[in-house]
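Novice: Given next are the chains, with one letter for each unit.
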Amino acid sequence: MKKTYKIDVDCANCANLMEQAAKKTSGVADAAVNFMALKMTVEFEEGADEKKVMKDVFKACRKVEPDCEIEF
Amino acid sequence: MKLSRRQRKMLIRIFICAVLLIMVNVIRGIGLIGTEGTFGFVFYLALYVATYLVIGYDILIKAGKGIANGRPFDECFLMAFATLGAFALAIIERNADYNEAIAVMLFYQIGELFQSYAVGKSRRNISDLMDIRPDYANIEKDGELEQVDPDSVEIGTVIVVKPGEKVPIDGIVVEGSSSLNTAALTGESVPRDVSEGDEIVSGCINLTGVLRIRTTKAFGESTVSRILELVENAGSRKSQSEQFIAKFARVYTPAVVFSAIALAVLPPVFRIILASDGGAMWSVWVYRALTFLVISCPCALVVSIPLSFFAGIGGASHEGILIKGSNYLETLSQAKTVVFDKTGTLTQGVFEVTAVHHSTMDEHKLIEYAAAVECYSSHPISLSLQKAYGQAVDKSRVSDIEEISGHGVKGMVDGHEVAAGNIKLMRSLGLEVGECHSIGTIVHVAIDGQYCGHIVISDVVKPNSGRAISALKAAGVQKTVMLTGDAKRIADKVGSDLGVDEVHSELLPADKVSQVERLLSEKKNSKDALVFVGDGINDAPVLTRADIGIAMGAMGSDAAIEAADVVLMDDDPLKIAKALRISRKCLGIVYQNIAFALTVKFGCLILGALGITNMWAAIFADVGVMVLAVLNAIRALRVSRL
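Protein sequences, first through last, are from chains A and B. Per this note's numbering, the first sequence runs over residues 1 to 72. Per this note's numbering, the second sequence runs over residues 1001 to 1642.
Next up, chain B with everything else stripped away, as it sits in the complex:
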């Protein structure tokens, strides 16, 4: 247990106070000095007051300052007033029972100490999760490495990152190769390999080799700084629950104070008017009123609700899900409709060879011929053929290349005449070819005038997209919609493969906005939220129009971080469902705490007014609820298994 200086001091005060309290009571119990007479009265009063001051002097000072600054209803004032009131009652009644006042103050301080410890501890947990801030950058000077403040590194400087160090600034690798641990940014545990020429984002941990990096951004603009800023400022966008609690606290405390005054004054006055037996019973009612004041502090709510949100956002960011504010976390939990962009979100957004049909030879051999004849082209289709072939084509094997625009390519490969292209090219060679039923771009291949089959190249669905859609359904999303600018045939195929409810294709960017607006107007309940998921590249208008905009694959992309409310650091669509589950869990905890704290508080207020509970129970209710609420709030941090 690590305590701050202030916490240690408080612990010592609590200890001294408890010992003193026991000693005074022991002296009284064995009757060393009687409580009768003026001497006994003053003696015990002095001892009890000394004990009280040990534990409560700072509260009294703060209460005094509160009044001087015109804030009469702060909790210190209430505690000071309630305990001093209890003292006064004991003096008036001459029963010398000051234990109650001291005990209330003691438990209050114990509660405060615990709260400060628990909040500090969870804060440390969360900042450990987000421990991606680099402390220094290495710059080579006269052959020696020098550690400098990353803030002072100018763009274009070459920095050195040794194994085990964090990459401090975004840049491009100019020398060396290594694997990077990106877990702190993406939640992804598989290391990423980088080598010369690769872009590299700050916040990753260099695992194996020394890297020299030419910086492309200033430290303040680097990914790591932006992420930290985003998470740290998340607290300033307050959720409705937090606003509710702030408003509630403003009304609740004065309301309880005025009820307490009414409770102290009205019943005795009635008793005097009605001339009840036993007289006005002032002390009974004043005591009940003081009990009221002890319960009046709303700190269980004031502390635990922001803590839950902070923990939820912190836990999510560890999973590579950045949530820009607690209001978004709250709205996300209401998500009923999720709208996807297709390319780059549900699909990879890159073209790949997905099938080879009717091949008369080994499929890989067919791809090899096609790749070879296309080897001089930099068209995406050609590049995807090269990629499928898997190695560099030896260009000396290829000669007499002839590109026929709108048709394809012809050329000599290993002495064979190879033609690769569309149906028109095949027809021009006098070959009759059937349409392919597959979706995508079809490359037909003929060798030495013989038809040899065709290769299907298409945008590939991400491996997790299907599971992501069903996970969303399981998480309570009622409708999933896919919007795309792509052709209807392709869009419908992808949509039905993935199990998306609605597909709208051949849309221009402006059409996407109007589709989202239509879906927004179709909402059954004003609280239901519509989530739009895009890759952040040209769907900024839709991202801002939706209730929640989620941008995917934001590693290093500033535009996405700017436009979206929730940012997924990697491309995995499964994270959308995870973000939803995190928000549900966090909000669940918030509601539990609100319901629990209010029930206990109001219960105690009623019991206190009826005289069933005393001040002891009141302080236990107050501190106990706070402790349990804080412990519950910390649960929001544990989201990795959700």
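Pulled out of the complex, with its shape left as it was, chain A reads as follows:
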């Protein structure tokens, strides 16, 4: 399953870091961040609880970029 979320982040490099962080989160099959469109597309692994996974993704992103936002 694939879902797109609105994000808020200030720099292009930070967006790349968020992408890497999201990719490493368990329950995420693949993730892509589009800095210019301010969107994060997350592909979940089968059977993953998307709400819970997104919480982890958000935590991981906060770690690399303390003032990022993800709307989910």
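These are computed hints drawn from the structure, not numbers from a lab. Remember, predicted model here, so these are calculated numbers, not experimental data. Every residue gets a Cβ at the ideal spot worked out from N, C-alpha and C, and that includes glycine. What you were told as hints is all true, and nothing was included just to trick you.
A short list of chain A residues far from chain B (calculated; beta carbon distances all over 12 Å):
1) Phe44
2) Glu46
3) Glu50
Calculated pairs, DSS-like style, for lysine-lysine (alpha carbon to alpha carbon, straight line, at most 25 Å):
4) B/Lys1121 to A/Lys39
5) B/Lys1238 to A/Lys2
6) B/Lys1238 to A/Lys39
7) B/Lys1065 to A/Lys24
8) A/Lys24 to B/Lys1247
9) A/Lys55 to B/Lys1065
10) A/Lys39 to B/Lys1247
Model the placement of chain B on the given structure of chain A, informed by the hints.
Specialist: Just chain B, lined up with the frame of chain A:
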């Protein structure tokens, strides 16, 4: 000016920091408390550190996190290191000049704020351009309209679109008529009229009447969703310039950091070895090294290059030109050969009456007779006669229709015996007729045994095709080629009318691929690009084989959107040249930014190493270049007058 919460907070911090900095310097300037002695030293140090923390605390935190996460070379770390280093130098030298460190941090934050504002602003501009996403669909329930999420509307549901609303989902009009504004999809400003039975694509704005539409696709599969997805994902296909910058940034920052270390250590060591006058001069060289670090952030490039591409793609999509990725935008700018499909691309792909020759009566009267006698046929030729006549034929005027296969039609119209068909039909009536020199299908007409002239029906060249070819030449395309499955005589005529350089006719689909491969192998320079333009209907193999495949007239056609790299929403071939000019402009901006940023950065690095510039100049170089590069990048958005 609309600022986000974070931007406002930063603005306040910048303001407080600037005020504090001025106040501390005023206190020092009027000598309220002397800088001498331990008390003065600690007092000013505390004030300056407080001011520094106001503006730089988040950078210090991020720098700490960066190290903890194993990314020592990020820009926060560099800024933190350079400013703390400047602080340390000031403490060691006991000159109490902490202004420099604070000012560097202050300007850095101002630069970041501006960058975030400019990027946010251009992002909003671009999304406004592409503001075609419908928020809701109206469904009638128990006689009342209900707004629902378009995602939840099933195929076959009847939705209602009121004037001023966007059509949310593709479908067929079941009731009502209206004009549609398709500008957001095609860049075309003339409204399109629709009425019952017409297909309608999502993303258009309904202008005049209420429409009831039976949906034929799910929201996710509708034109509007596909276009948005395509444009939003365009960023994921990186151009060579972007890849170059990403690679460059990875090498550049560590290289500058190591040069900075070398700059701080090596000259003093040499001075000690050579026992130069004045000693090792550690602080001078460490200062120069710190200046180096301030310039080391490549953000002018990292931000402005993707921004240019994004703006270029956004601007193009507003003109009805969808470019699937920045790599295609880049390749398009190198286009040297443009190969066209004929039917549907340079020509309308529909048959029309183009001429009436040797008519013994009023031309329209001749068409009327021909249309009448053909009125029961649904052959394309017959349909084009009906269309040329312009109104429905009253079938009661026509009787005794006799179709003679391979020849034409005979029948009685208004009591006259009318025969319409080819030369063989005329000969069978005992009439001697000359060949027509025109290209196309010829319909000869005889009335009451008398030859009355002939009607030429042919595929019509699009009104802009000729101009499109010359516009391409003007845009720097060296060769234009036309490939077609059509007969040589017709193809050559169209080719020479339009001014195409090369024409290859009577080709099967597979021949088109081999022709394109031949042209690809003939390229003089490996960077030159070959563009193939087709209508996307059966030229998918050629579209994928060419360096860039452009599909035309893609309104509602999924196949074209799938196969091509660049999609023109309407049929206008002039848009091909426009796409080329947009790509040139965008790439021009990208190269300007690369050249400009690198020149200034390397210039400052050299001047910094020689001790000619100080940290102030370095931060101005860094922030200034970034600001100018971003402003330049935004120019790529303005393409409507190209």
